[in-house]
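Undergrad: Using the sequences and the accompanying hints, generate a full structural model.
Respectively, the protein sequence lines represent chains A and B.
Mapping of the first sequence onto our numbering: residues 19 to 382, in sequence order.
Mapping of the second sequence onto our numbering: residues 19 to 382, in sequence order.
These are calculated hints, taken from the structure and not from any lab test.
Even for Gly, the Cβ is constructed at its ideal location relative to N, Cα and C.
A few chain B residues that don't get close to chain A, going by computed Cβ distances all over 12 angstroms:
no. : residue
1   : Asp-34
2   : Arg-42
3   : Gly-51
4   : Gly-74
5   : Thr-144
6   : Gly-146
7   : Ser-174
8   : Lys-180
9   : Ile-206
10  : Lys-218
11  : Ala-302
12  : Gly-371
Only pairs whose alpha carbons sit at most 20 angstroms apart, straight line, appear in this in silico EDC-like list of lysine to aspartate or glutamate:
no. : chain 1 : residue 1 : chain 2 : residue 2
13  : A       : Lys-380   : B       : Glu-360
14  : B       : Lys-380   : A       : Glu-360
15  : B       : Lys-96    : B       : Glu-120
16  : A       : Lys-380   : B       : Asp-359
17  : B       : Lys-380   : A       : Glu-23
18  : B       : Lys-380   : A       : Glu-324
19  : A       : Lys-380   : B       : Glu-23
20  : B       : Lys-380   : A       : Asp-359
21  : A       : Lys-380   : B       : Glu-324
For reference, the chains in residue letters:
2 protein chains.
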Amino acid sequence: MDSHELPTPALTVDLDVLERNLDRMAAYCREHGLALRPHTKTHKTPEVARMQMDRGASGLTVAKVGEAEVMVAAGLDKILVAYPVWGSEKLERLARLAHDREVLVSIDSEATAQALSHAAHALDATFGILVEFDAGLHRCGLSPGPECVALAQKISKLQGLKFRGLMTFPGNIWGTKEERKQEIKKVIVRFESVMEAFGKAGMEVEIVSGGSTPSALMSHQIPGLTEIRPGTYVYNDLNTYYQGACALEDCAAKIVTTVVSTAVPGRAMIDAGSKTFSSESLHAGPATGFGHVVEDPDTPLIALNEEHGYLDIARSSRAFRVGDVLTVIPNHVCTCVNMYDEIFLLRGGRVQGAWRVAARGKVR
Amino acid sequence: MDSHELPTPALTVDLDVLERNLDRMAAYCREHGLALRPHTKTHKTPEVARMQMDRGASGLTVAKVGEAEVMVAAGLDKILVAYPVWGSEKLERLARLAHDREVLVSIDSEATAQALSHAAHALDATFGILVEFDAGLHRCGLSPGPECVALAQKISKLQGLKFRGLMTFPGNIWGTKEERKQEIKKVIVRFESVMEAFGKAGMEVEIVSGGSTPSALMSHQIPGLTEIRPGTYVYNDLNTYYQGACALEDCAAKIVTTVVSTAVPGRAMIDAGSKTFSSESLHAGPATGFGHVVEDPDTPLIALNEEHGYLDIARSSRAFRVGDVLTVIPNHVCTCVNMYDEIFLLRGGRVQGAWRVAARGKVR
Numbered sequence: 019m020d021s022h023e024l025p026t027p028a029l030t031v032d033l034d035v036l037e038r039n040l041d042r043m044a045a046y047c048r049e050h051g052l053a054l055r056p057h058t059k060t061h062k063t064p065e066v067a068r069m070q071m072d073r074g075a076s077g078l079t080v081a082k083v084g085e086a087e088v089m090v091a092a093g094l095d096k097i098l099v100a101y102p103v104w105g106s107e108k109l110e111r112l113a114r115l116a117h118d119r120e121v122l123v124s125i126d127s128e129a130t131a132q133a134l135s136h137a138a139h140a141l142d143a144t145f146g147i148l149v150e151f152d153a154g155l156h157r158c159g160l161s162p163g164p165e166c167v168a169l170a171q172k173i174s175k176l177q178g179l180k181f182r183g184l185m186t187f188p189g190n191i192w193g194t195k196e197e198r199k200q201e202i203k204k205v206i207v208r209f210e211s212v213m214e215a216f217g218k219a220g221m222e223v224e225i226v227s228g229g230s231t232p233s234a235l236m237s238h239q240i241p242g243l244t245e246i247r248p249g250t251y252v253y254n255d256l257n258t259y260y261q262g263a264c265a266l267e268d269c270a271a272k273i274v275t276t277v278v279s280t281a282v283p284g285r286a287m288i289d290a291g292s293k294t295f296s297s298e299s300l301h302a303g304p305a306t307g308f309g310h311v312v313e314d315p316d317t318p319l320i321a322l323n324e325e326h327g328y329l330d331i332a333r334s335s336r337a338f339r340v341g342d343v344l345t346v347i348p349n350h351v352c353t354c355v356n357m358y359d360e361i362f363l364l365r366g367g368r369v370q371g372a373w374r375v376a377a378r379g380k381v382r
Numbered sequence: 019m020d021s022h023e024l025p026t027p028a029l030t031v032d033l034d035v036l037e038r039n040l041d042r043m044a045a046y047c048r049e050h051g052l053a054l055r056p057h058t059k060t061h062k063t064p065e066v067a068r069m070q071m072d073r074g075a076s077g078l079t080v081a082k083v084g085e086a087e088v089m090v091a092a093g094l095d096k097i098l099v100a101y102p103v104w105g106s107e108k109l110e111r112l113a114r115l116a117h118d119r120e121v122l123v124s125i126d127s128e129a130t131a132q133a134l135s136h137a138a139h140a141l142d143a144t145f146g147i148l149v150e151f152d153a154g155l156h157r158c159g160l161s162p163g164p165e166c167v168a169l170a171q172k173i174s175k176l177q178g179l180k181f182r183g184l185m186t187f188p189g190n191i192w193g194t195k196e197e198r199k200q201e202i203k204k205v206i207v208r209f210e211s212v213m214e215a216f217g218k219a220g221m222e223v224e225i226v227s228g229g230s231t232p233s234a235l236m237s238h239q240i241p242g243l244t245e246i247r248p249g250t251y252v253y254n255d256l257n258t259y260y261q262g263a264c265a266l267e268d269c270a271a272k273i274v275t276t277v278v279s280t281a282v283p284g285r286a287m288i289d290a291g292s293k294t295f296s297s298e299s300l301h302a303g304p305a306t307g308f309g310h311v312v313e314d315p316d317t318p319l320i321a322l323n324e325e326h327g328y329l330d331i332a333r334s335s336r337a338f339r340v341g342d343v344l345t346v347i348p349n350h351v352c353t354c355v356n357m358y359d360e361i362f363l364l365r366g367g368r369v370q371g372a373w374r375v376a377a378r379g380k381v382r
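TA: Put into structure tokens, the structure is as follows:
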């Protein structure tokens with residue numbers, strides 16, 4: 019079946035592009051001696067995680083215990099929960115996973131350390147702990163200095179916990195190449211200052227985990243970094259493209275959609291809206307619009323309702339008819355994929371099968 | 019269990035508020051002789067649809083064939099698909115439903131009429147058809163006049179179709195009470211003009227379907243209207259509240275969330291982000307922020323990442339600690355509910371059970 023014959027809206031992935039994206043990141047990490055612990059939040063799909071592990075990933079990153087459970091159930095071990103998990107029910111589930119395999123957790127407070135220790139001890143498990151520092155995003159993470167050392171020292175004294183290293187999410191490295199070049203300078207200063215504090219304290223830091231898709235290929239510039247955790251690079255999206263961090267041809271995930279109405283002059287309405295793309299604005303480049311129409315890039319997708327996408331065809335040379343099938347690259351592929359229970363697999367535009375987005379909706 | 023003891027993030031509904039919202043809309047419709055065919059897109063939950071039917075709803079509205087299938091599987095018949103469905107696979111599924119029960123579909127093109135006719139005929143089914151006109155939103159729908167009559171006449175000649183009336187979505191009635199009062203005047207003119215065209219043609223119009231939550235209680239002002247299809251009113255949300263179309267106490271659905279990090283000065287991070295609220299901006303009132311924190315309304319939720327919500331606590335008098343449980347009213351409840359596989363039921367703050375959001379993710 020051709021992808022244009024799929025019932026719509028449908029989420030699709032071009033396997034050739036996916037494999038190329040995976041190969042490229044794996045090669046970059048090998049070249050620079052960095053471990054790759056990709057974040058599974060983008061694909062939420064064990065089959066893609068397996069492809070990442072097969073290409074030499076050192077483990078997998080998740081944000082939620084439920085995501086970890088899905089990956090473990092698929093036989094994928096070595097999990098980093100890059101999230102300061104809180105709540106006894108979730109911590110008990112996580113300790114159950116940690117009982118039989120390596121589970122790392124990133125934290126930035128003594129309260130979370132105590133709770134993790136309690137949960138680990140109750141099930142005779144061990145959590146490896148990364149202390150999260152703030153590289154400039156100002157989201158989570160301690161100030162990069164003695165505060166991190168103090169938390170690491172407390173962790174070392176708690177039963178069921180083993181201090182393994184440091185973690186940060188450099189989401190502030192964002193924007194044009196020039197903007198990202200400027201921001202990484204500040205990030206490097208913050209890395210230096212946290213490493214210096216651990217050096218002074220004579221504490222070994224085995225893992226220093228960073229990375230994001232827009233910053234990934236700049237990671238070798240960061241002193242002390244041992245691994246990166248990009249997520250979006252598997253599929254890429256318009257945010258990545260407009261930052262110059264991928265080509266349009268590197269966008270592997272697209273929505274196949276159908277024009278369902280041309281009754282209003284100047285409009286073609288497609289059967290994909292905020293419940294199929296997510297309602298994410300574009301946070302890079304023109305910072306306007308809700309997707310890139312592959313067949314007619316000059317026709318803007320100007321607005322979304324839940325199940326309707328508004329194409330402004332007033333200045334389009336193409337005639338839009340009810341039944342026309344279009345393919346659209348989403349603004350933010352991670353929130354888009356999270357709308358779908360399945361993703362259709364394409365090679366050369368032909369449908370090869372489908373994967374279940376098994377960790378979709380694992381909010382806890 | 020108290021709602022604050024739920025593993026977070028958790029979607030909850032206060033059943034007392036839900037029932038009051040359902041009763042109020044049912045009473046309004048009874049009082050004004052309007053049928054109520056509520057849109058299930060908000061709750062996507064057969065249990066809520068059943069409560070609507072039990073309160074006298076004339077049927078249910080859906081946007082997707084998959085949603086219709088979920089409602090039918092739960093024993094709920096009388097479905098309006100308020101969407102110009104396109105595609106042979108979906109139309110065949112819809113015809114299968116229509117074979118045994120009343121299924122109405124709204125359309126605005128002859129192409130869709132032909133495709134529906136073909137699908138109905140192949141399975142010896144009948145679709146009731148509503149012709150969609152544009153009441154001013156400029157999304158779908160023919161111009162309100164002779165074009166609608168022409169399409170209705172074509173429908174009347176097609177096998178497997180029965181022209182039943184007119185449909186519009188008055189989503190342009192939006193904003194403050196004053197803005198909505200001004201907009202409904204224009205909507206009324208458009209209703210008059212389409213009714214006049216059918217009158218001139220001597221064609222009977224059995225059903226005239228309109229309504230949305232912000233316009234619902236103004237519906238009796240619209241001449242010729244026979245029914246309304248509000249959706250959001252079951253749960254309400256910040257968009258509804260800031261339009262003055264409900265009180266804050268009428269917001270039945272809330273996210274229970276936990277503070278997971280206070281490491282960055284001026285910030286408290288919660289474990290709910292764009293994958294639990296959806297990334298919808300606020301489209302009414304202050305038009306800023308991503309939710310209303312019930313326990314501390316003056317503390318703004320200023321940004322969302324996928325699994326993180328950013329509380330700006332710089333000017334807050336409250337001390338935020340890791341582990342604090344908060345409840346948040348979302349901007350747009352329809353896209354929010356669509357993130358979850360289950361919704362927890364509360365009475366007096368105590369958890370009574372949970373419903374499956376069975377039609378979640380039914381994108382086709």
